[in-house]
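Participant: Okay, here's what each chain looks like letter by letter:
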Amino acid sequence: EDQVTQSPEALRLQEGESSSLNCSYTVSGLRGLFWYRQDPGKGPEFLFTLYSAGEEKEKERLKATLTKKESFLHITAPKPEDSATYLCAVRLTQGGSEKLVFGKGTKLTVNP
Amino acid sequence: NAGVTQTPKFRILKIGQSMTLQCTQDMNHNYMYWYRQDPGMGLKLIYYSVGAGITDKGEVPNGYNVSRSTTEDFPLRLELAAPSQTSVYFCASRNRATGANVLTFGAGSRLTVL
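Protein chains in written order, with my numbering: chain A, 11 to 122; chain B, 846 to 959.
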């Protein structure tokens, strides 16, 4: 079953056009939600960790927020260099061990 | 620091061949992981290790083996390669002391099985 769902699958923006990416999760006992950025041909790169509803983190043009059921990655006035695939992951406990479950990602393209 | 280094970057295998994907980290991280990433799918955990001499299965371990003889190295062995193992493989590591799953990933190894 899908425990982490990201939407949209792909998003095209014009430079300067702000928007948001969504990550919804259906796990109980969330032990952390993580955002990663992945450039083509590279491994994911860590962006943010969020632990509790209401928490927000910011980095340059990116702001991540968390509610009890979803997280948003807000992109303000994006630039072409923000083009990448953004991955969301949740940490949960299953069978006595912790695991990190990744969503399928949102591919963002920012056109100049 | 080099971070997490994976070799090879690309490899083509024939069905039934075997190979080892190498992963080395120079950050003295306790935890190491192997993920595979298929087109349009999320990263799936194959195996992980919490320290030298300790390994455990992830979600999709069938057809793979790992070992962790040192803190730095975590090779992934593919025995009897099958087309279903065509994927991009990522090795990652983290420090237990950080208390969070902030993973450092390698650049990936793209494997094609024909």
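It cannot be assumed that every hint is accurate.
As the list claims (entries may be wrong) - Heads up, simulated SDA-like pairs for lysine to any residue below, C-alpha to C-alpha not over 25 Å straight-line:
1. A/Lys89 x B/Thr865
2. B/Lys859 x B/Val895
3. A/Lys67 x B/Val895
4. A/Lys109 x B/Thr850
5. A/Lys109 x B/Thr916
6. B/Lys902 x A/Gly42
7. B/Lys889 x A/Ala94
8. B/Lys889 x A/Glu25
9. A/Lys69 x B/Thr949
10. B/Lys889 x A/Glu70
11. A/Lys117 x B/Val895
12. A/Lys109 x B/Leu858
13. A/Lys79 x B/Lys902
14. B/Lys889 x A/Gly42
15. B/Lys859 x B/Ala847
16. A/Lys69 x A/Thr95
17. B/Lys889 x A/Pro18
18. A/Lys109 x B/Val895
19. A/Lys52 x B/Gly898
20. A/Lys69 x A/Lys117
21. B/Lys889 x A/Pro122
22. B/Lys902 x B/Thr852
Since the hints were derived computationally from the structure, they do not count as laboratory data. Only a predicted model underlies this, so the values are computations on that prediction, with no experimental measurement involved.
Participant: Has the given pair, A/Lys89 with B/Thr865, been kept, meaning a C-alpha gap of at most 25 Å?
Facilitator: Cα-Cα ~40 Å, so violated.
Participant: Can the restraint linking B/Lys859 and B/Ala847 be considered satisfied, given a maximum Cα separation of 25 Å?
Facilitator: At roughly 31 Å apart (the allowed maximum being 25 Å), B/Ala847 and B/Lys859 break the hint.
Participant: Could you grab the alpha-carbon distance between A/Lys67 and B/Val895 and see if it respects the 25 Å cut-off?
Facilitator: 29 Å, violated
Participant: Does the alpha-carbon distance linking A/Lys79 and B/Lys902 stay inside the 25 Å limit?
Facilitator: 29 Å, violated
Participant: Holds or violated: are the alpha carbons of B/Lys889 and A/Pro122 at most 25 Å from each other?
Facilitator: Violated: B/Lys889 and A/Pro122 sit about 34 Å apart, past 25 Å.
Participant: Can the restraint linking B/Lys889 and A/Glu70 be considered satisfied, given a maximum Cα separation of 25 Å?
Facilitator: 30 Å, violated
Participant: B/Lys859 and B/Val895 were given as a pair; does the straight-line alpha-carbon distance stay at or below 25 Å?
Facilitator: Violated. B/Lys859 to B/Val895 sits at ~32 Å, over the 25 Å cutoff.
Participant: Can the restraint linking A/Lys109 and B/Leu858 be considered satisfied, given a maximum Cα separation of 25 Å?
Facilitator: Violated - the C-alpha atoms of B/Leu858 and A/Lys109 are around 30 Å apart, more than 25 Å.
Participant: Can you confirm whether the C-alpha distance between B/Lys889 and A/Glu25 stays at or below 25 Å?
Facilitator: 33 Å, violated
Participant: Keeping to a limit of 25 Å between CA atoms, is the pair of A/Lys109 and B/Thr916 held or broken?
Facilitator: Holds. A/Lys109 to B/Thr916 sits at ~21 Å (cutoff 25 Å).
Participant: Next pair to validate is B/Lys889 with A/Ala94; report whether the Cα-Cα distance is within 25 Å.
Facilitator: 20 Å, holds
Participant: Has the given pair, A/Lys109 with B/Thr850, been kept, meaning a C-alpha gap of at most 25 Å?
Facilitator: Holds, because 23 Å separates the two Cα atoms, which is no more than 25 Å.
The structure does not agree with the numbered hints 1, 2, 3, 8, 10, 11, 12, 13, 15, 19, 21 stated previously, though it agrees with the rest.
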